[in-house]
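Participant: Sequence:
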Amino acid sequence: MADQAHNSDNSGVSLTGSAPDHQNRFPPQGEPIFTGINRIGLWSLYIKEVRRFLKVQTQTIWAPAVTTLLFLVIFSVALGRSGREVLGVPFATFVAPGLIVMGMMQNAFANASFSLLAGKIQGTIIDLLMPPLSEGELMAGIVGAAVTRAVMVGGAVALAMAFWPGVDLSAAHLWAIIWFGLMGAVMLSLVGLLTSIWAEKFDHNAAITNFVVAPLALLSGTFYVISNLSEFFQMISRLNPFFYVISGFRYGFLGQSDIGSTDSAVAGAAIGLAIFNFVLAVICYRVLKSGWKLKD
11 MADQAHNSDN SGVSLTGSAP DHQNRFPPQG EPIFTGINRI GLWSLYIKEV RRFLKVQTQT
71 IWAPAVTTLL FLVIFSVALG RSGREVLGVP FATFVAPGLI VMGMMQNAFA NASFSLLAGK
131 IQGTIIDLLM PPLSEGELMA GIVGAAVTRA VMVGGAVALA MAFWPGVDLS AAHLWAIIWF
191 GLMGAVMLSL VGLLTSIWAE KFDHNAAITN FVVAPLALLS GTFYVISNLS EFFQMISRLN
251 PFFYVISGFR YGFLGQSDIG STDSAVAGAA IGLAIFNFVL AVICYRVLKS GWKLKD
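If you're matching positions, the sequence shown starts at 11 in the numbering used here and goes up one per residue.
Heads up, some of the hints might be wrong.
Label-pair distances were calculated between CB atoms; the ranges are [said to hold, decoys possible]:
| no. | residue 1 | residue 2 | range |
| --- | --- | --- | --- |
| 1 | A128 | I47 | 24 to 30 Å |
| 2 | T134 | S274 | 47 to 53 Å |
| 3 | K303 | G282 | 29 to 35 Å |
| 4 | D178 | I47 | 41 to 47 Å |
| 5 | V292 | A181 | 16 to 22 Å |
| 6 | P38 | D213 | 30 to 36 Å |
| 7 | L97 | W72 | 26 to 32 Å |
| 8 | M140 | Q69 | 28 to 34 Å |
| 9 | I246 | G278 | 16 to 22 Å |
| 10 | S237 | K303 | 38 to 44 Å |
| 11 | F243 | G165 | 44 to 50 Å |
| 12 | V83 | G278 | 32 to 38 Å |
Restricting the straight-line Cα-Cα distance to at most 20 Å, the calculated cross-link-like pairs of lysine to aspartate or glutamate (EDC-like) are [said to hold, decoys possible]:
| no. | residue 1 | residue 2 |
| --- | --- | --- |
| 13 | K303 | E95 |
| 14 | K303 | D178 |
| 15 | K211 | D137 |
| 16 | K303 | E210 |
| 17 | K130 | D213 |
| 18 | K299 | E145 |
| 19 | K58 | E145 |
| 20 | K305 | E95 |
| 21 | K299 | E210 |
| 22 | K299 | D178 |
| 23 | K303 | E147 |
| 24 | K305 | D137 |
| 25 | K303 | D137 |
| 26 | K130 | E241 |
| 27 | K305 | E210 |
| 28 | K58 | D178 |
| 29 | K130 | E145 |
| 30 | K305 | E145 |
| 31 | K299 | E95 |
| 32 | K58 | E147 |
Quick caveat, the hints were computed from the structure, so don't treat them as lab data.
Owing to the predicted nature of the structure, the values given are computational and were not obtained by experimental measurement.
Note that beta-carbon positions come from the ideal geometry of N, C-alpha and C, so glycine has one too.
My request is simple: use the sequences and hints to build the entire structure.
Facilitator: Structure below.
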């Protein structure tokens, strides 16, 4: 009898038939196991997204840098002759910062707009929805990877432009370069993520790129100052968030911009972009939370 009691104790089942203690360690059904931030899952998603675009870095990093450099070459030759100056600096120096941040924004959009859309088309969207990641963590991982790509593209473009004759990339306000560069990348990453949720095929993604992102980027004062426009078109330009990103980023290099004649105007634009990105983030979070076009 003593041996039987001893064997019952070792098996983890009491003689009275009650459940062993280790079965009570699990939380009630429906209660999440992970609390707080799932750091390992978030980091894994971020690394996955970064490795995805680094595997084809010739296409995702260096090709955009070459394309942006070609813009500088063409517009410098076409518009920068006879020592033309804009805002008191040579035309090539004026246009270079705008091209850098424009390349950053476009590639941030391209990276974020591909993530969920490719999963929906290939049938692998479950790999992103099933892991124990909250909507905020999913959004942070995708946006973080898109911003990383944007920074890499901006660095590659700046490195190439630094060797271009007549271009001076000396920093006048480092905070503006960092802030407006990051705000622009985050803004287009969030827009790209919303596009990825909405789109059902790559044609939808291309439509947003060609009819929304590209026009807003090219008509944002990258190649000109808006003071050359009529008052009506100046008002339209000031409704374009790309204008504040590009002009603020240029302010970081040149120490002046066409946002306003004072430093407080640039600071106001910096705060305004932060608020705009916060609103975009809330919208993106709510859409992810609803499962619209993802869990249907």
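Participant: So, for every hint listed, does it hold in this structure?
Facilitator: Status of the hints after comparison with the structure:
1. A128 to I47: 24 to 30 Å: Roughly 26 Å apart at Cβ, these two residues keep to the hinted range, so it holds.
2. T134 to S274: 47 to 53 Å: Distance hint for T134, S274 holds at roughly 49 Å.
3. K303 to G282: 29 to 35 Å: Roughly 30 Å apart at Cβ, these two residues keep to the hinted range, so it holds.
4. D178 to I47: 41 to 47 Å: holds (43 Å)
5. V292 to A181: 16 to 22 Å: violated (33 Å)
6. P38 to D213: 30 to 36 Å: With Cβ atoms ~46 Å apart, the hint is violated.
7. L97 to W72: 26 to 32 Å: holds (30 Å)
8. M140 to Q69: 28 to 34 Å: holds (29 Å)
9. I246 to G278: 16 to 22 Å: Holds: the Cβ-Cβ distance is about 19 Å, inside 16 to 22 Å.
10. S237 to K303: 38 to 44 Å: holds (43 Å)
11. F243 to G165: 44 to 50 Å: violated (33 Å)
12. V83 to G278: 32 to 38 Å: About 35 Å separates the Cβ atoms of V83 and G278, which means 32 to 38 Å holds.
13. K303 to E95: violated (50 Å)
14. K303 to D178: violated (47 Å)
15. K211 to D137: Cα-Cα ~19 Å, so holds.
16. K303 to E210: holds (8 Å)
17. K130 to D213: holds (14 Å)
18. K299 to E145: holds (6 Å)
19. K58 to E145: holds (17 Å)
20. K305 to E95: violated (54 Å)
21. K299 to E210: With Cα atoms ~18 Å apart, K299 and E210 stay inside 20 Å; holds.
22. K299 to D178: violated (46 Å)
23. K303 to E147: With Cα atoms ~19 Å apart, K303 and E147 stay inside 20 Å; holds.
24. K305 to D137: holds (13 Å)
25. K303 to D137: Satisfied, since the Cα-Cα distance of roughly 16 Å is no more than 20 Å.
26. K130 to E241: violated (45 Å)
27. K305 to E210: holds (13 Å)
28. K58 to D178: This hinted pair is violated, its Cα atoms lying about 36 Å apart.
29. K130 to E145: Roughly 17 Å separates the two Cα atoms, so the pair holds.
30. K305 to E145: Holds, at roughly 13 Å.
31. K299 to E95: Answer violated: K299 to E95 is near 50 Å, above 20 Å.
32. K58 to E147: holds (14 Å)
This entry does not satisfy hints 5, 6, 11, 13, 14, 20, 22, 26, 28 and 31, going by the numbered hints stated previously.
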